[in-house]
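Student: Using the hints, put the two standalone chains together into the complex.
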Amino acid sequence: MQILSLLIEADFWAATLRLTTPLLLAALGGVFSERAGINNMGLDGAMLMGAFFGYIGALFTQNAFLGFVCAAISGALIMLLLGFMSINVKVNQIVTALGTNMLALGVTSTAFRMIFGNDLAQLTSPGLVPVNFGSLSKIPFLGKVLFGQTPIVYLAIILVPISHYIMYNTHWGLKIRATGEHPKAVDTVGIDVYKVRYVSLIISGILCGLGGAAVTLTGINTFYDNITAGRGFIAVAAVVFGKWSPVGASLATLLFGAGEAFQLRLQGLGFDIPYAYFYMLPYIVTMISLIFFMGPSKGPAATGQPYIKSGSKAKRKKVSRAGLKPEVKS
Amino acid sequence: MSEIILEMKGVRKEFPGLVANDNVNLQVKKGEIHVLLGENGAGKSTLMNILYGLYAADGGEVIFKGNVIHDNTPKKAIGMGVGMVHQHFMLIPALTVVENMILGMQEGPNPVINKKEAANKILELGKKFGLKVDPYAKVWQLSVGEQQRVEILKALFRGAELLILDEPTAVLTPQETQELFTLLRGLTKQGLTIIFITHKLNEVMEISDRITILQRGKVVGTVNTKDTNKQDLARMMVGRDVVLSVDKAPANPGAKVLEVKDLEVKNDKNLVAVNKLSFEIRAGEIFGIAGVDGNGQSELVEALTGLRVVESGEVIYNNENVTNKPPRYLIEKGMAHIPEDRHLRGLVLNMSVKENMVLEDFYREPFTVNHFMKFDKIDAYSKELIKEYDIRLSSDDIPVGNLSGGNQQKVVLARMLQRNPNLLIVMHPTRGLDVGAIEFIHKRIIRARDNGSAVLLISTELEEVLTLSDRIGVIYEGQLMGIVNQKDANTNELGLMMAGSHKAS
Ligand SMILES: Nc1ncnc2c1ncn2[C@@H]1O[C@H](COP(=O)(O)OP(=O)(O)OP(=O)(O)O)[C@@H](O)[C@H]1O
Ligand SMILES: [Mg+2]
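Chains as they are written, first to last, in the working numbering: chain S, 38 to 367; chain R, 855 to 1359.
Please keep in mind that the hints were generated in silico from the structure rather than gathered at the bench.
The reader is advised that the hints may include incorrect statements.
Said to hold, decoys possible - Pairs of lysine-lysine residues, derived as DSSO-like cross-links and limited to a Cα-Cα distance of at most 27 Å, are as follows:
#1 S:335 x R:1120
#2 R:981 x S:232
#3 S:280 x R:930
#4 R:970 x R:981
#5 S:335 x R:992
#6 S:346 x R:930
For reference, chain R alone in the conformation it holds in the complex (with noise of 0.2 Å):
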């Protein structure tokens, strides 16, 4: 158990104007599972993609099984058995299982692949470590619980003995969650061992063997999680002592601002996703929707924000019928939207920070004046913004897709809270930030609230949408299971009604 699998040594990685990684001395023992924690922007998946080979170091060394290894590339790091699950998966959605496992291995001198044999050997590991997938699925099809499933079984395939897991539980549910700790308990016992990144507490001391704390790109010390505590790794990682739970005065609630009434709305697959849903909220206060993901919630705010065709029913928004507007007609009625995926609607990951912080109002006055953009208007305030949300960054021009998970989340939230906006739609605010961020969000929220906007938050955290909403709605399979208010609430009520039971009256 004591044996050192792998070492860094004085790692170093510099980006243009910042150091990612300073003087960064890691060590990992064989079959733990040890957890690097720290702020978003750290470091952590800088200094995992150096292990990987992604990126070359610009100093230390990296010593895994006792070999130095020079010249790192992930051909070569998979070879000695390092094998990384992604914050961002890195699955191709329009191939099959099989041929995602496959690329890059079967490289012998016949250049026929055999997908038999490897769709074999994935549930032939499928079944030793437990975990299930179709080998024949398109991976576009699977949930995000199954492809991580299957990007976990791509390392093993891989013969991986060191598994990098980055943020892996930040799109899982809760039972997905307990399922994945289950299945690394597993992994460890057959001798892998596992270096997790999470910004989840309860998570780190659940499941960790040692904890590593990253500051700033420096490691801050390691520590056994059965000596430590919430507080304890929250102060070392954020530098400062951690509000954990949230304050906040009783609603205000004033004139309706959204009303939903007996909506439907269909997925992709055209089929009904909402299904006859009627709610309202009011100034001043937080309606919260919980419930498993997939349930309807995607569309359910892309139809509220003009993103999805409503079939049938109505949005009334400041006593307006705004079924099917046009996003942008929203938007200026003072709508804004933190939408799910940051990559897909909330930022365009080839434009600069800078770019990124006026989506919405590039367009309009102060940032435009008579077709003219005003660049210096647009940098002073992007500059504001970033100062405001501490949001960690070399330059705000750079590309907004080069910052860490966490800062892109922040990018969005800052723009969207800082339009003032009387209808704040937010789904799932926090995901990938650290302990000290959601702190800051979730009190913005709430001030946000306390200004009188009508804040509508979706989230697939029970205890974000418990600690944070005035009143709790649960989604099923596209409809309302019941309304509570928050100091009615239980989370036994609320977790049976998000499997689909009536609220009991």
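Pulled out of the complex, with its shape left as it was, chain S reads as follows (with noise of 0.2 Å):
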């Protein structure tokens, strides 16, 4: 029954929707580059990023917002290696997505030391405040709940109809669409397939760099070891959970994060229980999902393909079948 209770009460919806933005913004950057045929397991790697490069910005610049920028531009730079690899190269995706994340870990673990050495009462950098929404902030719950956030989470929350738009009244939208479904008919109608390709993955690098920075500086104000501890794999499932559109995966994403906020309000009720169990429940919850009501899914077509031009000068003696299985269409 406590815990029952728990679900009614608005500090608990708060911290969904402040625990569900950083979710949020690495879902939709996911979209972004599935929907264009990236299959894009990269999305920790690049919040990782991120939570550092926007901790490490906030704190030399000692401006939060200067902190956000610099998240976005390094979860761009890492998208755009994955690109390289994964568009130009034409390394198994999967395989490209891991390296990128096993070199965000490393990057920002090293540097992390560098800059600090093994001093752990590091400093803390500027973080976002809540935005002052004045007597707005007095109405009963709903004022706790949708008034007394940071910028970041309202930002998030403007841009899931926003990525809707673009995706489906744009035609921007409809060649990152027709991209991750048919590369070959997107290049017979004189569109280059590589570009589309490379450009939603800076936007999907932006969007979790700013994800991997909501989870670093809206509160705690500071970095650690693997900070984003496997969010972006959560946003992976949040975004095939919401059937690759916009609208859906947030939504996948506010189920996680409610979960992950239920967890912390176990911990406070003091259970006999490791307050490791409580961890485990975001991606118990995530488990579950993906088992239970989630059918057969279908993605987009040339998912993880790497798309190559046949019979044109200049690629053709790259195509060959060393080891990788490119995608041919006759």
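Tutor: Printed below as a string of structure tokens:
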């Protein structure tokens, strides 16, 4: 009973929104790259980059906003690397993502030690503070949930309809969706497949970077190794669970965010259970929801397949079969 | 009429180990329907892909409307008024017709797409040229004929003045083909020029003004349609006389090989597709099933080959009830299946030709001994088949998806026929093949019959069913309208049955 009463507490819902935000941003990023045909398992690495460089940026400039800018840039950069490997070099996309994720972990942990040594009492950076909506925040329940959040939360929420609109109502979105389904057809109407994929990856990287900074710069204002703790993978699950649509993926992250808020509250209730079990909760929610609510899912048809232009002079020699199974359409 | 709209001069294109176009010269006049004719792998699609900017030529010039085109790309080609309907459609099934149409268009400073305006334009164009499509339908919901209309509209929408159609009729029913021809004639009246690729000589004679014949990458010549005939064309294209009719001895049916009793099968939409169907096939005979596409043929074949669940009824194969047995079980019992869609079921496009040759048998001796694959055996076997079935390629190590359409089909045929099946199920066996190859494949199917195979032949080409089969059934809405012997069959009666009337007894 005590547990269920949590669900009607404003604090719980406020925490849910706050904890959903990083996942939401990353999931939107995932939607963009997956829709363009990149099987993006690299969200987590980009988030981690954003978390670290966001913190470092904010610390050195003493400005949380500039921290977010650094986060976005670092996320975009690592996605560019992922793009180069999977679009140009045509390495298997899962393997590439594995590499960039490990690279991100290595870079952030190493740089962190280089800057701060082993001094664990590190500095806190400036962070975002809740927006002051004045009397609006006095509204019972809603005031606390909706009008006491940091700016990044609002940005994330606004980005949902914007992403939806871009995806379904602009020629950019149409190109992205088409590229993930049938790159060769896109090529035949004169669109540059590589460019579409790169742009989608950069958007994806920016969003993941912001999502990472939303972990570090919204209260704790510090960094520790692997601080994102696999949130990027939860975001990947959310993309699938939300059937590759911006709105669907966002709703899915809300579920996972609620799971995380729930476990935090449970810890606070002082049950006699090791806290690690509570930590597991969001991940278990992810697993269970994928198992029970997800029928057979079909993503963009060409996700994960590098696009090889057949017959073009420059690339002809690269179309070897050395270890890769690229998509070949006659 | 005699103004030249397109000239290709000395075009050369090499693929590793193979010259696909060798000093090709082509002249197309404004307002004509110009047919490109040539064997499988002669280089027709390659030449058109160069014109459309998809492939970069290794030499030569393309002159369109008097301008030499340098560094061609699809975008440039489209911009100048070249439109192409590819051999394998370039539509995105998950998107709607409008979305497919405007993809790559409407690229102004305003990123918001205007589907309404585009839809209106589609309807307008459709009215002008007599092409009806629902702009808001998803492409995957459309029939093949409709998809083709969308492809043509897509080109017209982009303002095409020269329209390239690469084997557009290979997948059409006879009625759809006639509709297409009416459309094409209408288009030329409006000033469009059309380049048309087909292997069907009847169509060539019917639709074209002039014909350019390619052979192994080289131009053999260009002729006026009114100065030539089918035999001459076949000779120019293959380089020898081709027997356009098939002769076969009367069938000598033996034991019952396949018996189908009251078979009921559902389609992907969960509707009954095969409705209480019964027939039998004996060793040494060819049973043909004619019918308009989409009347349950695909579902029937999938049910017989273990690829689709049988709802009720029985399949008895060599006196054994094999209803709902898995494909490998059936294959090991000697069943072979030439599927309707070579890309979907017949081939693993990204794997090499060699690997594709042993897809059924790779795990068995002689190709695998004690769990180790014997690549020398596979290699030798593949080389033998390539030679015997005259498959044109540069190397059998390249992905099978890089072969020309007809040569892909030959890979499937070779693999299946070589297994000496006791039951051979073939669907559209000669789709996309040139006349020489068709002659060859027909002979091989008859030889399989004479060697005691039972053959089930399913084709939308009435002529093919008529010439090859010993007995013919007509399928309509999942039911057999009747079965006739070949010698009693007449096109008229079969045509009526295909439209749904029962056999007059
Ligand atoms: N991307 C490619 N890589 C390697 N070889 C290729 C490639 N595309 C075509 N070829 C080869 O070039 C030759 C010409 O192919 P093309 O597709 O132009 O033939 P086609 O005349 O259209 O034949 P079909 O009637 O069978 O469609 C074939 O031997 C084919 O195997
Ligand atoms: Mg071709």
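Student: Taking the hints in turn, state whether each one holds.
Tutor: Do the hints match the structure? See the list:
no.	hint	in the structure
1	S:335 x R:1120	holds (22 Å)
2	R:981 x S:232	violated (36 Å)
3	S:280 x R:930	violated (36 Å)
4	R:970 x R:981	holds (17 Å)
5	S:335 x R:992	holds (16 Å)
6	S:346 x R:930	holds (17 Å)
Taken one by one, the earlier hints fail for this structure at numbers 2, 3, listed in ascending order.
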